[in-house]
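Assemble the complex: chain L is given as a structure, and chain X must be docked to it using the hints.
These protein sequence lines map, in sequence, to chains L and X.
For reference, each letter of the first sequence is one residue, going 1 to 544 in our numbering.
For reference, each letter of the second sequence is one residue, going 1 to 125 in our numbering.
Source of the hints: derived by calculation from the structure; they are not laboratory data.
Check before you lean on any hint, since a few could be wrong.
Some chain X residues near chain L, calculated using beta-carbon distances under 10 Å [as the list claims (entries may be wrong)]:
| id | residue |
| --- | --- |
| 1 | N55 |
| 2 | S61 |
| 3 | D110 |
Note that the structure is predicted; figures quoted are calculated from it, not measured.
For each residue, glycine too, the CB sits at the ideal point set by N, CA and C.
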Amino acid sequence: MTRLLQIFGFFSVLFRGATLSLQSLTIGGIAFLLVVVGRSSAESETLRSACLRWIRRAALALAVMQVVYVLANALILMQSTDMTFAQVSGATFAIAGVLASASALTIAALAGAPRSRGHAGMLLPAAVILVSSVMTSHSVARLEYRVPLTMFTALHQAATATWLGGLPYLLIGLRGSPDLEFARQLTARFSKLALCSVAVLATAGLTLSLAYVGSLNAIYGTSYGIMVATKVVLFGILLLLGALNFQIVHRSQGAAAIASLRRFGEAEIGIGITVILTAASLTSLPPAADLQQGRVSAAEIVARISPRLPRLASPSLRDLPEDIYANQQKSIDAGVLSTASFIPGQAGTRPNTPAEKSWSEYNHHWAGIIVLSIGFLALLAQAGHASWARNWPLIFLALSVFLIIRSDPETWPLGPNGFWVTFTDPEVLVHRIFALLVVALAIFEWRVQTGRVASGGARLVFPLLVAAASALLLTHSHSLGNIKEEVLAELSHAPLATLGVIAGWSRWLELRLPSKNRTRHVMARLWPVCFVLIGLLLLNYREM
Amino acid sequence: MRPGHRALYVGSFVAGLALFLLAHSAVAHAILLESSPSLNGTVGGPDVSIKLRFNVRIDTSRSRLTLVAPDASSRPLEISLDTSPDVLTSRASGLKAGGYRLRWQVLASDGHITRGEIPFQVTGP
Numbered sequence: 001m002t003r004l005l006q007i008f009g010f011f012s013v014l015f016r017g018a019t020l021s022l023q024s025l026t027i028g029g030i031a032f033l034l035v036v037v038g039r040s041s042a043e044s045e046t047l048r049s050a051c052l053r054w055i056r057r058a059a060l061a062l063a064v065m066q067v068v069y070v071l072a073n074a075l076i077l078m079q080s081t082d083m084t085f086a087q088v089s090g091a092t093f094a095i096a097g098v099l100a101s102a103s104a105l106t107i108a109a110l111a112g113a114p115r116s117r118g119h120a121g122m123l124l125p126a127a128v129i130l131v132s133s134v135m136t137s138h139s140v141a142r143l144e145y146r147v148p149l150t151m152f153t154a155l156h157q158a159a160t161a162t163w164l165g166g167l168p169y170l171l172i173g174l175r176g177s178p179d180l181e182f183a184r185q186l187t188a189r190f191s192k193l194a195l196c197s198v199a200v201l202a203t204a205g206l207t208l209s210l211a212y213v214g215s216l217n218a219i220y221g222t223s224y225g226i227m228v229a230t231k232v233v234l235f236g237i238l239l240l241l242g243a244l245n246f247q248i249v250h251r252s253q254g255a256a257a258i259a260s261l262r263r264f265g266e267a268e269i270g271i272g273i274t275v276i277l278t279a280a281s282l283t284s285l286p287p288a289a290d291l292q293q294g295r296v297s298a299a300e301i302v303a304r305i306s307p308r309l310p311r312l313a314s315p316s317l318r319d320l321p322e323d324i325y326a327n328q329q330k331s332i333d334a335g336v337l338s339t340a341s342f343i344p345g346q347a348g349t350r351p352n353t354p355a356e357k358s359w360s361e362y363n364h365h366w367a368g369i370i371v372l373s374i375g376f377l378a379l380l381a382q383a384g385h386a387s388w389a390r391n392w393p394l395i396f397l398a399l400s401v402f403l404i405i406r407s408d409p410e411t412w413p414l415g416p417n418g419f420w421v422t423f424t425d426p427e428v429l430v431h432r433i434f435a436l437l438v439v440a441l442a443i444f445e446w447r448v449q450t451g452r453v454a455s456g457g458a459r460l461v462f463p464l465l466v467a468a469a470s471a472l473l474l475t476h477s478h479s480l481g482n483i484k485e486e487v488l489a490e491l492s493h494a495p496l497a498t499l500g501v502i503a504g505w506s507r508w509l510e511l512r513l514p515s516k517n518r519t520r521h522v523m524a525r526l527w528p529v530c531f532v533l534i535g536l537l538l539l540n541y542r543e544m
Numbered sequence: 001m002r003p004g005h006r007a008l009y010v011g012s013f014v015a016g017l018a019l020f021l022l023a024h025s026a027v028a029h030a031i032l033l034e035s036s037p038s039l040n041g042t043v044g045g046p047d048v049s050i051k052l053r054f055n056v057r058i059d060t061s062r063s064r065l066t067l068v069a070p071d072a073s074s075r076p077l078e079i080s081l082d083t084s085p086d087v088l089t090s091r092a093s094g095l096k097a098g099g100y101r102l103r104w105q106v107l108a109s110d111g112h113i114t115r116g117e118i119p120f121q122v123t124g125p
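Pulled out of the complex, with its shape left as it was, chain L reads as follows (with noise of 0.2 Å):
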C-alpha cells in the first residue's frame, strides 16, 4: 500500500506541472488568436487555423491531465483513508479539475467547429479553466486576506498564459510567415499584448511575494523565498530575451532578423516552461510567511559558503549507517510515519549523520572539477589552439559512472538494497536517470563538437538536457518543515540550477542563431563558462 501511495503521490505531481503548462497553452492560444492575429488577409486565415488546431490539441490534453490528475489525487485520499470516491468527488480539487476538464473539452469543440467566425465564445470556458486553477492555489486555504489574494492569483496566472503561453504561437506564425511585414506586424502586435501581460504578471507577484514571503529574511532565510528570488532571476532573463526581441522588430530587417525573432522565442519558451515548472513548485510549498521559526540567518549562510579546500577524500562506507537505511526501509514497508508533515507515501525527513554530509560534500566536489574541466576545456576548444580539448564531452562519462556508484550509497552497487530498489524508490530511479542522460549527453555532444555530426537534432541534445538538469535542481529537496539543512542546500542548488538554464539556453542560441547575428558570439563564450562559474560552486558546496 505505501509503495502504491509513493508512486501516485509521485505520478500526481507530474500531472500538476503538465496541467499547469496545457493551461498555459490553452489560454495564451486564446489571448493570441483573439488580440494579435488579424482577420483582413489569406495569411491572418492561415495563421488562424493553424493556432485553432493548437488550441485544440492543448485543451484535449489539459482535459485527459486534468481526469487523471484529478483520479489519482483521489486515489491516494481514497487508500489513505477509509473514504469513498463520492465523498471524495466533492472535494475542492475533484470539483475544480471536472470544471477545468469540461471547459478545456468546451474550447476543443469551438476550436474544431466548422467555419467558426468569431472566436470570442472560447473567453468564458477559459475564464472558468483560469477559476479552477486558483481553486487550488495558494490564496483559496489562507485564513487572511482571501479574496484579494484570489484575485492577484488569478491575474498572475491569467498574465502568464497570455505571455508565455503565447509565445508558441507566435513561432508558429513566424515559421509560416509570407514576408518580412507581415512577420513585423505579428511581433509588433504580440510584444504589446506582451508587455501588459508583463506589467500584469510583475505587479501581481510582487504583491503576492509581499504577502507569501512578507519580509527579507524570508527570501533567503526559506525554501520558498528562495524558489521566489530564483523566479524573479528566470524572470529578469526573459525580459531580457524580450528586450533583445524588440530591438530585432525595431532595428533589423530581412530574412534574418524573423530568424533571430523565432529562436530567441524558442529560449524564451523553454526558460517560460522553467518558470512555470518553478511556479507548480512554488504551490506545494508552505508560504514563507508561514515558517516564523527556524529560518536559515545571514550570518549561517556566510558560514557556509565561505571558501573552504574541497573534501577528496571520501568517508568509508563502514561510517555510513547501513542499520539506519534498513530501519528506514522497514518504517516505509510498514507505514509508520514521520512526527514531521510530509505526504502519503513519503517516510519524513531525518537529519543526516556527519559520515552522511562528507559523503556528499565529497561527491559535490569531484563533481565540480569534473565540471570545472569541461568548462575549461570548451573555452579551450573554442580558442582554436588545441584540437584534442574538442573532446571534452567524454568527461561526462566520467560523471555519469561516479554518480551511479556514489549518489545513493544505500542502493546497489555500494547499499544493502538491490538492484529492482532503484525503480520503487523514486529519489534514486531520479537519480539512476539522470546518469542515463549524462551519457546521452556525452555521446551527442562528442559527435557534434568532433564534428561527426554538423547538422539537425542531435547538436540541440545537449542544450536541451543541460537545460533540463538544471530544472530538475530547481524543484529538487523541498522540505516542507523548513530543516536549515535543507534550506542552505537549496540556497547553493539555486544559482547552480539558474547558471545551467543560462548555460543550456544560451548554447541553444549559439547553434540556432543566425550566423549574422553578433548575439550569437556573445551566446557561444557564455555558456562555458557557465560550466566554469557551476564548476566552481560545486567545488565550495557544504553540508556541514
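For chain X alone, coordinates are given in the frame of chain L:
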C-alpha cells in the same frame, strides 16, 4: 536528420522533459503549527482533548485523526466540525497510561494532502 536518429532525439527530449517534471519534490503545504497534546508531550488521562492548528484552511470532513494505542491497536477519532477553518479538534476517552501516537491526515482547501504523527504520553488519572 536520419529517420533512425529521430526517435533517439525525441526520446532524449521526452526523457529530459519527464525528468523536468518528475523531479518536482512531492511535498504539500499544510503544516502543523501547534498541537495538543504536543509532540512528545505528556497529558493526564483518561480523557484527552485534541487540538491541531495548521497554517491553512482544512477540509475537515475529508481529514482524519487516528489514535494508536501502546499495544499498537488503532481507532479513528471523530473530528468536530464546528471549529475554526484551520483547526481540527477531537476527544479521546478512556485512555490508560502509556505511550500513544496520534496520526493525522488533512486535505487542505487547495487540494494538497498532508499527514504526520504526534507521539505523546498519557499518565494515569
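Verification of the hints:
The restraint placing X/N55 at the interface with chain L holds, with a minimum CB-CB distance near 4 Å, inside the 10 Å limit. Among the interface hints, the one on X/S61 holds; its C-beta lies about 8 Å from the nearest C-beta in chain L, closer than the 10 Å criterion. At about 4 Å, the closest approach between the beta carbon of X/D110 and any beta carbon in chain L falls short of 10 Å, and the interface hint on this residue holds.
In this structure, none of the earlier numbered hints is contradicted; all agree with it.
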